[in-house]
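Assemble the complex: chain A is given as a structure, and chain B must be docked to it using the hints.
Here is how the chains run, residue by residue.
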Amino acid sequence: KQEVTQIPAALSVPEGENLVLNCSFTDSAIYNLQWFRQDPGKGLTSLLLIQSSQREQTSGRLNASLDKSSGRSTLYIAASQPGDSATYLCAVGSASKIIFGSGTRLSIRP
Amino acid sequence: DVKVTQSSRYLVKRTGEKVFLECVQDMDHENMFWYRQDPGLGLRLIYFSYDVKMKEKGDIPEGYSVSREKKERFSLILESASTNQTSMYLCASSLFGQKLNTDTQYFGPGTRLTVL
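Protein sequence lines, in the order shown, are assigned to chains A and B.
Sequential numbering from 1 applies to the first sequence in the working numbering.
Sequential numbering from 111 applies to the second sequence in the working numbering.
This is chain A alone, in the form it adopts within the complex:
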């Protein structure tokens, strides 16, 4: 049974720092991994999708990596800004379902 874990549950960093969010999964037989952002009381916004054949994807200040063999993905945020404050969730797509992590709540201090 696939399990997706995001540690830490919450993170606070000062503005301007580079940071890494972690996502780990137990079953490496995945189709893809997706990172989302969720603002309080809102829906999810897709940030990056990495297919199982890919190692990383980049969009602006965001870079996501995928290492299937170790069951890990990271989301790197460069030069963090207060507007980056949100909850970040990863979701693993496999043969029969999509499993979401519980998220990391990120706070960027001005």
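In case anyone wonders, no lab produced these hints; they're calculated from the structure.
Worth double-checking, as some hints may not be accurate.
[As the list claims (entries may be wrong)] Think about it this way: if two alpha-carbon atoms lie no more than 25 Å apart in a straight line, the pair counts; the simulated BS3-like pairs of lysine-lysine are:
#1 97(A) x 1(A)
#2 113(B) x 181(B)
#3 97(A) x 113(B)
#4 97(A) x 167(B)
#5 42(A) x 113(B)
#6 180(B) x 113(B)
#7 123(B) x 42(A)
#8 180(B) x 167(B)
#9 180(B) x 97(A)
#10 165(B) x 128(B)
#11 97(A) x 165(B)
#12 163(B) x 180(B)
#13 42(A) x 97(A)
#14 1(A) x 167(B)
#15 1(A) x 165(B)
#16 181(B) x 97(A)
#17 97(A) x 163(B)
#18 165(B) x 113(B)
Positioned in the frame of chain A, the structure of chain B alone reads:
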């Protein structure tokens, strides 16, 4: 841009009422999904549909049903609402991927349902 809309942002219903949550996407996506999100439990899949009139149960289908009569619209139905169905309900869609989701999921803004 893909747009997924949900009929209500907030909804308050009474126990035993029949509740309809509507979701519409405007990008001709084949897959549509209903999730609920609860603190400490994360997102859980209720039902998904990969084609008109096709549906499959997710992880927590009990107490819910769905309807997909048109490609762009996916409805979640609570036949007899109960207090434990108080939650945030999120609809999503994705382009295609056999029966499964292998593509980016686009989410609606969510409906916060309270059952009294």
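For this session: Check each numbered hint against the structure and report the violated ones by number, ascending.
Result: none
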